[in-house]
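All chains should be modelled from the sequences, with the hints used to inform the complete structure.
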Amino acid sequence: MLAPNSIWGHILLKYLVIPAALLCATGASADEGQWQPYQLPQLKSELKRIGIAIPAEKLADLSKHPMSAIVSLGGCSASFVSDAGLIVTNHHCAYGAIQRNSTPEHNYIANGYLAKTRADELAGGPNTLVYVTDKVENVTSRVLKDITPTMSGKQRSEAVDKAVKALVAECESDKSYRCSVPAFHRGLEYYRIRQMMIRDVRLVYAPANSIGDFGGDIDNYEWPRHVGDYSFLRAYVGKDGRPADPSPDNVPYHSKDFLVVSAAGLKNGDPVLLAGYPGRTSRYKLPSEIRYARDAAYPAKAAEIQSDLDVIAAATKDNEGNAVRYASVVKSLNNVMKKTRGLMDGFARKDIAAIKDVQDAEFRAWYARQPGVSKTMLTELDSLIAADIALSDEEFGHSVAITSDLLKSGATLYRLAQESAKPDAERELGYQQRDLGFIKARLNRLEQSYVGSVDQARFTAALQRYAALPKSMHVTGLDALLPSVAAVPALYAQSQLGDTAKRLAWVGKDAATVAASDDAFIKLAVKVDGVSQSLKERRKELDGNLERVIPQYMAAVIAFKKSQGKPVYPDANSTLRVTYGTVAPYSPKDGVTKGPFTTIEGIVEKNTGKEPFNAPAKLLDAIKAKRYGQFKDPVLGTVPVDFLTSADTTGGNSGSAVMNKNGELIGLNFDSTYESITKDWYFDTDITRAIHLDIRYMLWVMSEVDHADNVLKEMTIKYPKK
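Numbering (mature numbering (1 follows the signal peptide of the UniProt record, and there is no 0)), first residue to last: -30 to -1, 1 to 692.
If you are wondering where the hints come from, they were derived from the structure by calculation, not from laboratory data. These figures come from a predicted structure and were not determined experimentally. We put the beta carbon where it would ideally sit given N, CA and C, even for glycine. Heads up, a few of these hints could be off.
Taking CB as the label site, the calculated pair distances span [stated by the list, open to error]: (1) 224 <-> 120: 47 to 55 Å; (2) 336 <-> 125: 42 to 50 Å; (3) 332 <-> 483: 57 to 65 Å; (4) 591 <-> 474: 41 to 49 Å; (5) 560 <-> 152: 39 to 47 Å.
Each computed DSSO-like pair below joins lysine-lysine, with the alpha-carbon atoms no more than 27 Å apart [what the hints assert, rightly or not]: (6) 596 <-> 472; (7) 301 <-> 237; (8) 86 <-> 105; (9) 410 <-> 472; (10) 320 <-> 559; (11) 237 <-> 532; (12) 237 <-> 28.
Okay, structure coming up:
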């Protein structure tokens, strides 16, 4: 615990409430850092040094261009590119909407799709949403106001949850908005974020998969890349301009600001700004946490994903329709798998834990020299981290045991029924009235991505894998409740949850009715609910204790880093961030230099005519004829495809706008180099590179290959002067 009456105690307590902008180091290293927008004025000298022309104060204002044009898709990033709600993002970010509308007869995944008129735009489905952030406020004092030192971990966690629910309810009095209160610096600060949530989102244009995913999983995270990873969506609202449920009467959202597209391009060394919603980073984790991830968590995760992928492949190999249904699931799993393996390889290549050991030892020595600090805080922290690791093992085992989509659906329905009996403010987070639409969307999503025989094969194999896991990964009390492998076929035969209408019909039923169901998977879900809840309660107790100690630790780490002149920014947590850098090559190993641009001639070199290197004939013809048009780079002498920068990105940054010094769109972020994957844990300036689509390739394909003239005409495009 802090010593509140000491000078040091007061200093650390002050860090709990002052804005993080004041914690920024004065000598921040270029490129590293996923900055909250309001922190950018503290970095104006850095931005000016690399050549950014937009005033830092303007970048910090969410109501002004360009930040007002940046949106989230709830897992990916995107931006408005017209005043009629036209949105550009990655092809893989729109993949769910593309897959939803695809059939063996109309395979938009393989062939692409272009709506020539707005009437032709296709519904993205209930899981395709657009979030427009318009307000961010520090609410740390309100979240922590009822916290007392004598609280148990569970009491503390519940008090924080109660405060967060109240802040969210207050913010969502206007139902056009979706609000959240995420923690920053591992619980040191809390910010309330208000976002307009647009529910009617339609697919406008997507190139063929052989362009949008050229190279597929083989090229994923690799460089050089030659992929046109882009798609266009459109946001629709009611005639009153407010978000509305999907309806043919809705009209395109009038986006106050949108990004101008620049076809002028970049050259090596040019500055870039990148804005989006990065998912999760772990830059402030302890060495013990890194070793757990490296030696246990990631290897187990990789083995589990690969086994599941193998089962899906075997179960869908003779049925194209089933393969299409699981295409989005497989794509997502493959992406996670490649990243997980990249993390494992990265940890093997560079001993990040050893680097962190040195940093941790320096910090602990520095901390011991400070007056009035707690003598037990670090010991308590180490103990809690060890407990967290042990509980994480059980949580992993639980995730394996409930692989079945029908079991997950049954568990959701029973938990919803249980929570719905409580006053809304007392319900578990995720099961309040505000979450009902999301729950229905999840249950409905199986309409496009479920086949009974495939799910049965996945569940059967998962139960066998769970049985083989180390005992440390077996959840207390769960084993005796799970079905035998021999009993699995009967579960599917005696369940109707695979039928969308019957699955959704359970929404709104009371707990007694659900518990009395004779549906096999609902019965199984009811049976294991107690164990699942016990696991959650243990997590709540542990998290409450972590949230008591880690903020003390982070306040000290921030003070330590400031004393060294190092950058201080929060780990990514799916909130709006800005990073910056320059177009730059890199050297992955001695004697090898890569980048920073690839060109359309590289597509021809890679093309084999077979998936995933099967470029469309019309694209190859355009390259052969050298129909470069106005997208020819004066230095490269051809059309660029992808490029590298030193910007700090991670998962969730997919689709992020890459802007030039004037805030004009010149690329879309979609990946990182394989050597960069461990940047989630440690930013290595020499080799960390983000991969972006060069906007000139997108425009070239739209113009010369797909003839998406209506979409081109809608955007404001600045062409280079001749």
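Could you tell me whether the CB distance from residue 591 to residue 474 stays inside 41 to 49 Å? 48 Å, holds
Hint consistency between residue 86 and residue 105 [alpha-carbon to alpha-carbon, up to 27 Å]: 35 Å, violated
Within 57 to 65 Å or not, the Cβ separation of residue 332 and residue 483? 60 Å, holds
Restraint status (C-alpha distance of residue 301 to residue 237 at most 27 Å): 33 Å, violated
Next pair to validate is residue 596 with residue 472; report whether the Cα-Cα distance is within 27 Å. 56 Å, violated
Given the hint of 39 to 47 Å, is the C-beta distance from residue 560 to residue 152 inside that range or not? Between residue 560 and residue 152, where Cβ atoms are some 42 Å apart, the hint holds.
CB of residue 224 to CB of residue 120, is that within 47 to 55 Å? For residue 224 and residue 120 the Cβ distance comes to about 53 Å; the hint holds.
Mind checking the alpha carbons of residue 320 and residue 559 for me, to see if they're no more than 27 Å apart? 12 Å, holds
Could one say that the CB atoms of residue 336 and residue 125 fall in the range 42 to 50 Å? 33 Å, violated
Can you confirm whether the C-alpha distance between residue 410 and residue 472 stays at or below 27 Å? 12 Å, holds
CA of residue 237 to CA of residue 532, is that 27 Å or under? 34 Å, violated
For a C-alpha distance cap of 27 Å, please report whether residue 237 and residue 28 respect it. At roughly 25 Å apart (the allowed maximum being 27 Å), residue 28 and residue 237 satisfy the hint.
The structure fails to meet hints 2, 6, 7, 8, 11 from the earlier list, while all remaining hints are met.
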